Amino acid sequence: MINSNTFSNFNSKYPIYADLHTHSISSGHGSEDTITDMIRCASESGLSLFGISDHGPATSSSAKPSYFQSLKLADRDRFGIRVLYGAELNIINTAGDVDLDDDTLSTLDYAIISIHPPIFKPYHDKDLSSAYIRAMDHPKVRFLGHIDDARFPVDFEYLLEIAKEKHVYPEINNGSLMPDAYRINGQENCRRILSICKKLDLPVLLSSDSHGKKSIGNMQYIFPLLEELDFPAHLVLNSDLS
Numbered sequence: 016m017i018n019s020n021t022f023s024n025f026n027s028k029y030p031i032y033a034d035l036h037t038h039s040i041s042s043g044h045g046s047e048d049t050i051t052d053m054i055r056c057a058s059e060s061g062l063s064l065f066g067i068s069d070h071g072p073a074t075s076s077s078a079k080p081s082y083f084q085s086l087k088l089a090d091r092d093r094f095g096i097r098v099l100y101g102a103e104l105n106i107i108n109t110a111g112d113v114d115l116d117d118d119t120l121s122t123l124d125y126a127i128i129s130i131h132p133p134i135f136k137p138y139h140d141k142d143l144s145s146a147y148i149r150a151m152d153h154p155k156v157r158f159l160g161h162i163d164d165a166r167f168p169v170d171f172e173y174l175l176e177i178a179k180e181k182h183v184y185p186e187i188n189n190g191s192l193m194p195d196a197y198r199i200n201g202q203e204n205c206r207r208i209l210s211i212c213k214k215l216d217l218p219v220l221l222s223s224d225s226h227g228k229k230s231i232g233n234m235q236y237i238f239p240l241l242e243e244l245d246f247p248a249h250l251v252l253n254s255d256l257s
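Heads up: the sequence shown runs through residues 16 to 257, numbered per my numbering.
Hints are computed from structural coordinates only; laboratory data are not their basis.
Everything numeric in this text was worked out from a predicted model, so none of it was measured.
Take the hints with a grain of salt, since some may be wrong.
What the hints assert, rightly or not - Label-pair ranges, simulated between beta-carbon atoms:
1) 239 <-> 136: 17 to 23 Å
2) 92 <-> 112: 31 to 37 Å
3) 93 <-> 172: 38 to 44 Å
4) 197 <-> 140: 34 to 40 Å
5) 97 <-> 121: 35 to 41 Å
6) 166 <-> 97: 31 to 37 Å
7) 141 <-> 197: 34 to 40 Å
8) 90 <-> 110: 33 to 39 Å
9) 141 <-> 255: 34 to 40 Å
10) 122 <-> 180: 41 to 47 Å
11) 117 <-> 179: 19 to 25 Å
12) 87 <-> 44: 31 to 37 Å
13) 256 <-> 210: 22 to 28 Å
Where is the CB? At the ideal position from N, CA and C, for every residue including glycine.
When you get a sec, could you build the whole thing from the sequences and use the hints?
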């Protein structure tokens, strides 16, 4: 469990054993930390399970497909914790195409699907739910990345119902809730996502979205929303290692 001294508003109701949305130097921006640096930090923070999910190759200066293909050779147990290797895929169009091929994806432990500007085109669609739904069919896709961003609107009720059918889980992204967040309407939309997931009995993944080691395990802006909505602890995936 995350050490209570790591972040000021550690919440015992929602113990955090895992952080799966993180980025190393291989994501090409926001970090100079290697995978080794990050795993060591995750271990020192008290995590039991840690995931590396570097940006797919459509992100400027991020790793090439060969990097993701090589992750199958990486050690799974380091510094006393279990390590998973995945990717944060870019959905690149309304057809739900992503920036790694299915053969490469099949070698990873998991994938997060996200929409990022300026990669996704066109921008003018009023509802991008279908792009996410099609992208869910790629192997190893397990999580919906920061669907709270109002720049890329979705029908939350419909998308989350389909996600539940496909055993894909939305994340609640700490980066979307920070005071200086660049995503739009994160607070309002995360409330909505949590409310719908509570109604659907659909688990969520809490994510630091840490670029580098500085924010590994940090969910501090998520906890107040969970408390406000009395969100069931058993629906927080990070709180149960199984």
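Going through the hints against the structure:
The hinted range of 17 to 23 Å is not satisfied by residue 239 and residue 136, whose Cβ atoms lie roughly 35 Å apart. For the hinted restraint 31 to 37 Å between residue 92 and residue 112, the CB-CB distance of approximately 35 Å keeps it satisfied. Distance hint for residue 93 and residue 172: a CB-CB separation of about 41 Å, consistent with the stated range 38 to 44 Å. The hinted window of 34 to 40 Å between residue 197 and residue 140 is violated, with their beta carbons roughly 20 Å apart.
Checked against the given bound of 35 to 41 Å, the beta carbons of residue 97 and residue 121, roughly 20 Å apart, lie outside it. For residue 166 and residue 97, the Cβ-Cβ distance of about 35 Å falls inside the hinted range of 31 to 37 Å, so the restraint holds. Between residue 141 and residue 197 the CB atoms are about 21 Å apart, so this pair departs from the stated range of 34 to 40 Å. Restraint check, residue 90 to residue 110: a C-beta distance of roughly 36 Å satisfies the suggested window 33 to 39 Å.
A hinted range of 34 to 40 Å holds for the C-beta pair residue 141 and residue 255, which are about 37 Å apart. A hinted range of 41 to 47 Å is violated for the C-beta pair residue 122 and residue 180, which are about 26 Å apart. In this structure the supplied range 19 to 25 Å holds for residue 117 paired with residue 179, their Cβ-Cβ distance being about 23 Å. The hinted range of 31 to 37 Å is not satisfied by residue 87 and residue 44, whose Cβ atoms lie roughly 25 Å apart.
Taking the beta carbon of each, residue 256 and residue 210 are about 26 Å apart, inside 22 to 28 Å as hinted.
Hints 1, 4, 5, 7, 10, 12 from the earlier list are contradicted by this structure; the remaining hints agree with it.
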